[in-house]
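If you're matching them up, the sequences are chains H and W in order.
Quick note on numbering: this note's numbering labels position 97 of the first sequence as 97, and the sequence is numbered without any gaps.
Numbers given in this note's numbering equal positions in the second sequence, counted from 1, plus 98.
It is worth saying that the hints were derived from the structure and are not from the lab.
All values derive from a computational prediction rather than experimental measurement.
One should not assume that every hint holds.
[Unchecked claim] Covered stretches of chain W (in silico footprint by chain H; criterion: 3 or more residues with CB under 8 Å from a CB of chain H, positions within the stretch not fixed):
1) 230-241
2) 246-254
3) 269-276
[Claimed, not checked] Distance condition first, Cα-Cα at most 30 Å in a straight line; then the derived DSS-like pairs of lysine-lysine:
4) W:492 - H:13
5) W:492 - H:24
6) W:492 - H:40
7) H:40 - H:24
8) W:435 - H:13
9) W:426 - H:24
Yeah, the Cβ is synthetic: ideal placement off N, Cα and C, and Gly gets one too.
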Amino acid sequence: MKLSKEEVEHVAKLARLAVSEDEKEAFSRQLSEILTYVGKLNELDTSKVEPTSHVLDLSNVFRDDVVRESLPPVEALANAPDHDNNHFRVPKIIEERQ
Amino acid sequence: MELTGFTIHELQEQLKNHKTTSRELTRQVLERIKRVEPKIHAFMTVTDDAALAQAEEADQRLQSGRPVSPLTGVPIALKDNLCTKGIRTTCSSKILENFMPPYDATVVRRLKETGAVLIGKTNMDEFAMGSSTENSAFGLTANPWDVNRIPGGSSGGSASAVAADACAAALGSDTGGSIRQPAAMCGVVGLKPTYGRVSRYGLVAFASSLDQIGPITKDVTDCALMMNAIAGYDPDDSTSANLPSADYTRTLDRDLTGLRIGIPREYFIDGMDAEVLYAVKEAIRTMERLGAMTREVLLPHTEYAVATYYILATAEAGSNLARYDGVKYGFRVKPTKDLLEMYMKTRQAGFGPEVKRRIMLGTYALSSGYYDAYYRKAQCVRTLIKSDFDEAFKQADVIITPTAPTAAFKIGEKTQDPLQMYLSDIFTISVNIAGIPALSMPCGFTKTGLPIGLQIMGRPFAEETVLRTAYAYEQATEWHNRKPNL
């Protein structure tokens, strides 16, 4: 299994991860090697096997809708790299019209 | 008297009978940390003042005649992926370098309720991804038995600190072996409980269907005492099992007569380290002398465990780590022209190479067109691995294997080859995939003086059987009494 540099770029974009040329090179090589190893799973016929997502016999967990104390805004914002007036602030998302 | 080498149960006796105080003990442990840290760097943060204040409180509790727990006044260290209110919690990642959790993890709250003294936060592989603690963004941790060797990982700081007597006990987390493998490398006891046994509320998530918190201790009794403090149902964790938890010390000293030990052929492979093989086989013989019966069991899908794990764990990690986007907490690259660039550059600068590699692999495995070939395939193989254990546990009460294929390797030995590093978890990973409990304890030393780990696996929620097997073996041997020369 070979992961090309273009595929690395595509996956990096999906993962919201900027990658340098060196990183593209390294990921292409290392991920190809790991995927080749993982290809070992294809030795097994799993056409009649149900997937396991979780080992516990759990389904949805519900609780009563009871009002509980929540984090005060000051504390919730305390770790934010940028905030303003009880909001998280981020760089501009919407482009201005020409 | 020098108290830093004492176990929790030995300290409990000292404290309850007023032979010493928690203040004195905590002072000694802080001194010890100062002395050994330049050699091992087990800690990310040492909470001197808070610890001394907690020690004062513990002393008042011990003197007042109010109810005390075996942990009251005892210094405990926490892996730095467990949220501690107002104490920096970094996951040894640059992206969380200054993160101050606004709340305590449930295990932290429970330890505080026992009156334990929380001495500091331990170094780890970034986001618990690694087998050597070399992936920390803040420098590596050394093995107290040989400071040129790795302490294992990812809970390497916790295991190293316990082995170096820089705390009485510690908590770690285990997604593919991250408690047991460092416990083996450092010659201490480490337990990964059954999935769901210990609340993960406040544990920074890596792979949610595999992660579990557990103790790293100087002996098996301490492991049971720590489990008494942390195990049990928690409504704040929707994957926490709503089952009564036991007093894990109560059944420790039942003998092994009639216990059925399964030995999986697949874990005793050609080319295994001869000293590890010898030590584990000797341990099995000791257990037979103690009354246990051994038989071969089969775990035929063992050879697929590492591949299954590196799909499931990375896919879950890719999703879990999407939250580190420079918005709500953590590090942000500034300035950037727009939001997308902010996300991409923040994550590029904030994550280390191994974390990025796993995010990439996980994102690929979940991406359009590959989901069935990788993620769903791995989930199906997970079913096969789990049913191997279900079958094996029909014939055996516990399964015994080595914890790791070798003793501690040298710093730098495997950093250039991710796949070789992944393969060092070959004996621990299946346990997480199946969700069962497993413990590692020392069962010998190499000729060069490095500890060798024995792994004892049990049925789901059968921690008592695992601990009782471990206790019987420990009482029949002397390995746990050896200390590194630091």
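Verification of the supplied hints:
no.: 1; hint: 230-241; verdict: violated (count 0)
no.: 2; hint: 246-254; verdict: violated (count 0)
no.: 3; hint: 269-276; verdict: violated (count 0)
no.: 4; hint: W:492 - H:13; verdict: 47 Å, violated
no.: 5; hint: W:492 - H:24; verdict: 48 Å, violated
no.: 6; hint: W:492 - H:40; verdict: 28 Å, holds
no.: 7; hint: H:40 - H:24; verdict: 25 Å, holds
no.: 8; hint: W:435 - H:13; verdict: 17 Å, holds
no.: 9; hint: W:426 - H:24; verdict: 28 Å, holds
Of the numbered hints stated above, those contradicted by the structure are hints 1, 2, 3, 4, 5, listed in ascending order.
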